[in-house]
Amino acid sequence: MGKSLMIVDDSATMRKIIMRTVRMSGLEFDRTEEAGNGAEALEKLNTNPVELVLCDINMPEMNGTELVKKVRELPACENTKIIMVSTESSQEIVDGVIANGANGFITKPFTPEKFHEKLAPFMN
Amino acid sequence: MINQINVNEAMLEGAKEVFETMVFMDITEAADQNQGIEGWALLGSISFKGTFEGCLAFCCNVDCAKAISANMLGIESSDVSEEETCDAMGEVANMLMGSVKARFQEQFGNVEVSIPSVVNGRNLRSNLGEGAVRISTIVNVHDEHVANLSLLYRERRQHK
Numbered sequence: 001m002g003k004s005l006m007i008v009d010d011s012a013t014m015r016k017i018i019m020r021t022v023r024m025s026g027l028e029f030d031r032t033e034e035a036g037n038g039a040e041a042l043e044k045l046n047t048n049p050v051e052l053v054l055c056d057i058n059m060p061e062m063n064g065t066e067l068v069k070k071v072r073e074l075p076a077c078e079n080t081k082i083i084m085v086s087t088e089s090s091q092e093i094v095d096g097v098i099a100n101g102a103n104g105f106i107t108k109p110f111t112p113e114k115f116h117e118k119l120a121p122f123m124n
Numbered sequence: 125m126i127n128q129i130n131v132n133e134a135m136l137e138g139a140k141e142v143f144e145t146m147v148f149m150d151i152t153e154a155a156d157q158n159q160g161i162e163g164w165a166l167l168g169s170i171s172f173k174g175t176f177e178g179c180l181a182f183c184c185n186v187d188c189a190k191a192i193s194a195n196m197l198g199i200e201s202s203d204v205s206e207e208e209t210c211d212a213m214g215e216v217a218n219m220l221m222g223s224v225k226a227r228f229q230e231q232f233g234n235v236e237v238s239i240p241s242v243v244n245g246r247n248l249r250s251n252l253g254e255g256a257v258r259i260s261t262i263v264n265v266h267d268e269h270v271a272n273l274s275l276l277y278r279e280r281r282q283h284k
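Which chain is which? The protein sequence lines are A and B, in order.
End of the first sequence sits at 124 in our numbering; the numbers just go up one at a time, nothing left out.
End of the second sequence sits at 284 in our numbering; the numbers just go up one at a time, nothing left out.
Bear in mind the hints are in silico, worked out from the structure with no lab data behind them.
Owing to the predicted nature of the structure, the values given are computational and were not obtained by experimental measurement.
Among these hints, one or two may not hold up.
[To be verified] The list that follows gives simulated cross-link-like pairs (lysine-lysine, DSBU-like), each with its CA atoms no further than 30 Å apart: (1) LYS140/B to LYS44/A; (2) LYS140/B to LYS114/A; (3) LYS70/A to LYS3/A; (4) LYS69/A to LYS173/B; (5) LYS16/A to LYS3/A; (6) LYS70/A to LYS44/A; (7) LYS70/A to LYS140/B; (8) LYS140/B to LYS16/A; (9) LYS81/A to LYS44/A; (10) LYS3/A to LYS114/A; (11) LYS81/A to LYS69/A.
Sequences and hints are given; from them, build the entire structure.
This is the structure we're talking about:
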């Protein structure tokens, strides 16, 4: 699969900010994808799985929580790691998405150091 | 019972955290709390509902909004598009709401938040109607711009 990353967020600007922060964290990916909501992400992941997904929670059409559940049903994505990136910080929400199959959680506002800490363990 | 002074402090602390880590700009409480936002402005807001309902807003003029967007994206202000400026203002409101919510989890309880919205115009001001409490602070952004942070809330009404 190679080092591949997908950023899922309904804000195009936030996708750019996340991408910038990933670069600043020192982590490098061979392939990067973007999606504006869960439905678009699911369609792309079904045909072109990635190693790591950074996913917002509050999005129109299909939110991040639903996306995590759907991705876990995709055989092509059995090794895909999903890290949620959100302003939501309540333990109930964090526990909920982890129980649904997410592998980690980054709270906004974030720093490159935080990205490195959370993402590096999943990089081969 | 919500202490308005604590909410104001939480809003300011949250804004400082967001601006230091994501916008790379300083936020300080302005000495003159009576000044307004000059010129064409953008207001990013996010609403919430739970035990309390209301909205949090961040308002500043276009030059300030462009500077914020440019810093968040790591590009020059002159290269920032209108869409990027709006997106960044919405995201600032979203992150501010997250910071305030995290600091007031106990008092506010679990709240659902909306997707952020951004409007532009002159003399912009959020309004929640009757029975709402308004907490508003004028801040200096990087000692160059003036912005307004506001939080309006009231106990949630039971709609029939």
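Now for the hints, and whether the structure bears them out:
1. LYS140/B to LYS44/A: violated, 37 Å
2. LYS140/B to LYS114/A: holds, 18 Å
3. LYS70/A to LYS3/A: Distance of about 22 Å is within 30 Å: holds.
4. LYS69/A to LYS173/B: Satisfied, since the Cα-Cα distance of roughly 26 Å is no more than 30 Å.
5. LYS16/A to LYS3/A: Holds, at about 19 Å.
6. LYS70/A to LYS44/A: holds, 13 Å
7. LYS70/A to LYS140/B: Not satisfied, since the Cα-Cα distance of roughly 37 Å exceeds 30 Å.
8. LYS140/B to LYS16/A: This hinted pair holds, its Cα atoms lying about 22 Å apart.
9. LYS81/A to LYS44/A: Measuring from Cα to Cα gives roughly 15 Å; hence the hint holds.
10. LYS3/A to LYS114/A: Status holds; Cα separation ~19 Å.
11. LYS81/A to LYS69/A: holds, 13 Å
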